[in-house]
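Given the coordinates of chain A, assemble chain B onto it according to the supplied hints.
As you go down the protein sequences, you meet chains A and B in turn.
Mapping to my numbering: the first sequence position 24 is 24, numbers consecutive.
Heads up: take any position in the second sequence, counting from 1, add 85, and you land on my numbering.
Do not take every clue at face value.
Said to hold, decoys possible - Some chain A residues well away from chain B (every beta-carbon gap over 10 Å; in silico):
(1) 22
(2) 23
(3) 24
(4) 25
(5) 26
(6) 27
(7) 30
Claimed, not checked - Between beta-carbon pairs, the in silico distance windows are:
(8) B:209 with A:77: 46 to 52 Å
(9) B:99 with A:77: 15 to 21 Å
(10) A:77 with B:187: 30 to 36 Å
(11) A:77 with B:356: 33 to 39 Å
(12) B:130 with A:77: 31 to 37 Å
(13) A:77 with B:304: 34 to 40 Å
(14) B:375 with A:77: 23 to 29 Å
(15) A:77 with B:203: 46 to 52 Å
(16) A:77 with B:320: 37 to 43 Å
Hints listed in this document are in silico derivations from the structure and should not be mistaken for laboratory results.
Bear in mind that the values here come from a model prediction, so they are computed numbers and not experimental data.
Cβ atoms here follow ideal geometry from the backbone N, Cα and C, with glycine treated the same way.
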Amino acid sequence: MANRRNRYNEARLYMAGGSVGLLLIIWSVLAMKDSVPGTAADASTPQPTAAASSGSIKAPQATTKPRAIAAPAPIARPQTRSSGS
Amino acid sequence: MTFETATFHAMGTEIELLAAPSLLADVVENVQAGFEAVEARLSRFRPDSELSRLNAAAGRLFPASPLLLQVLGEALAAADESGGLFDPVLLRAVEAAGYRESIERVRGTLQVQTLVRERASYRNVTIEDGAVLLPEGSGIDLGGFAKGWMVDRAAAHMTGCQSWVINAGGDLLARGSGPDGDGWVVGIEDPFAQGHDLAVLRLTDAALATSTTMRRRWTTQAGPAHHLIDPRTQRPSESDLVSVSVVAPTVARAEVLAKTLLLRGNDDALAYAESSSLSALLIDEQGLATVTRGMERYLVV
Chain A
1 MANRRNRYNE ARLYMAGGSV GLLLIIWSVL AMKDSVPGTA ADASTPQPTA AASSGSIKAP
61 QATTKPRAIA APAPIARPQT RSSGS
Chain B
86 MTFETATFHA MGTEIELLAA PSLLADVVEN VQAGFEAVEA RLSRFRPDSE LSRLNAAAGR
146 LFPASPLLLQ VLGEALAAAD ESGGLFDPVL LRAVEAAGYR ESIERVRGTL QVQTLVRERA
206 SYRNVTIEDG AVLLPEGSGI DLGGFAKGWM VDRAAAHMTG CQSWVINAGG DLLARGSGPD
266 GDGWVVGIED PFAQGHDLAV LRLTDAALAT STTMRRRWTT QAGPAHHLID PRTQRPSESD
326 LVSVSVVAPT VARAEVLAKT LLLRGNDDAL AYAESSSLSA LLIDEQGLAT VTRGMERYLV
386 V
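This is chain A alone, in the form it adopts within the complex (with noise of 0.2 Å):
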């Protein structure tokens, strides 16, 4: 009888230990689909906002700070010419 006890308590160590390690295998994966770069739908890339109702698009918003680009210096128009003579 004991001997019996012992084998359905060792039977409910089993489950609750399969148990757990099933959510655990559940928990990694889940886990591991977090941490792989989306290519849909990733949040660092800029998307479109909205739609305007004349089908315009509103240009991205801009999630880093632009780098600052020297214009290039205007090429001055001559006022006046010296042809020579």
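Coordinates of chain B only, in the frame set by chain A:
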């Protein structure tokens, strides 16, 4: 800020006035009257001008007006300073090269080159007691020098204008800092491509003159010729430079320097310009442009 312009024709070229922010009408009238008065007296193309009468009286003492004495005196002084590379007593050589009438007429027909019978020089001209004595057979051409001289004098008529430019066919005087406060923007035309600029300068209180062998040209029985006579040969220059621009305090000085640098040829001109701290841009017959260190500070592009 804006600026206004006005143009008129005088001394064989287009005169352009620019003023910021506005150009007064009476200023234009006064400047134009000044150019016309000098042209009437000093043009070699007008038989009744005082200069033509002086040339016709070569060999005899000719009582001259204060204007003729002034301009001729300054031209002779510039000739002396240039060591003879600039010489106003080259009329017979210019005529012998085929340039006997206005450039519009000369261009239209085949000209005949002749030999210069007698060499004359500024050293043989005498000015005494208000009279001029030219060597017999010689003649004076004040063309470019008189034009530059007049631009310098016309400054006196620009009263009431804050900042302005007087441009007489490419020889110009810029006063003030221009419409935008950082100088007048002036293009230097490419001698091989009319209407296109080879360089652009910013000028404040400065004069600029360009001398070139590519504009006043005509055809003779001996081939193409141009108006820039080398006093050493009495013939159109064979320099390897085709255009020289100089920035100087006055237009008359810039004009003489541009002409004499061109006559020197590329190597000598560059060496002389650098040793004399001149602001010059030299263009050779291959189209290669060289600027002196003094010119670099004016260059925009």
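Hints, one by one, checked against the model:
| no. | hint | in the structure |
| --- | --- | --- |
| 1 | 22 | holds (75 Å) |
| 2 | 23 | holds (73 Å) |
| 3 | 24 | holds (71 Å) |
| 4 | 25 | holds (71 Å) |
| 5 | 26 | holds (70 Å) |
| 6 | 27 | holds (67 Å) |
| 7 | 30 | holds (63 Å) |
| 8 | B:209 with A:77: 46 to 52 Å | holds (48 Å) |
| 9 | B:99 with A:77: 15 to 21 Å | holds (20 Å) |
| 10 | A:77 with B:187: 30 to 36 Å | holds (33 Å) |
| 11 | A:77 with B:356: 33 to 39 Å | holds (34 Å) |
| 12 | B:130 with A:77: 31 to 37 Å | holds (36 Å) |
| 13 | A:77 with B:304: 34 to 40 Å | holds (36 Å) |
| 14 | B:375 with A:77: 23 to 29 Å | holds (25 Å) |
| 15 | A:77 with B:203: 46 to 52 Å | holds (50 Å) |
| 16 | A:77 with B:320: 37 to 43 Å | holds (40 Å) |
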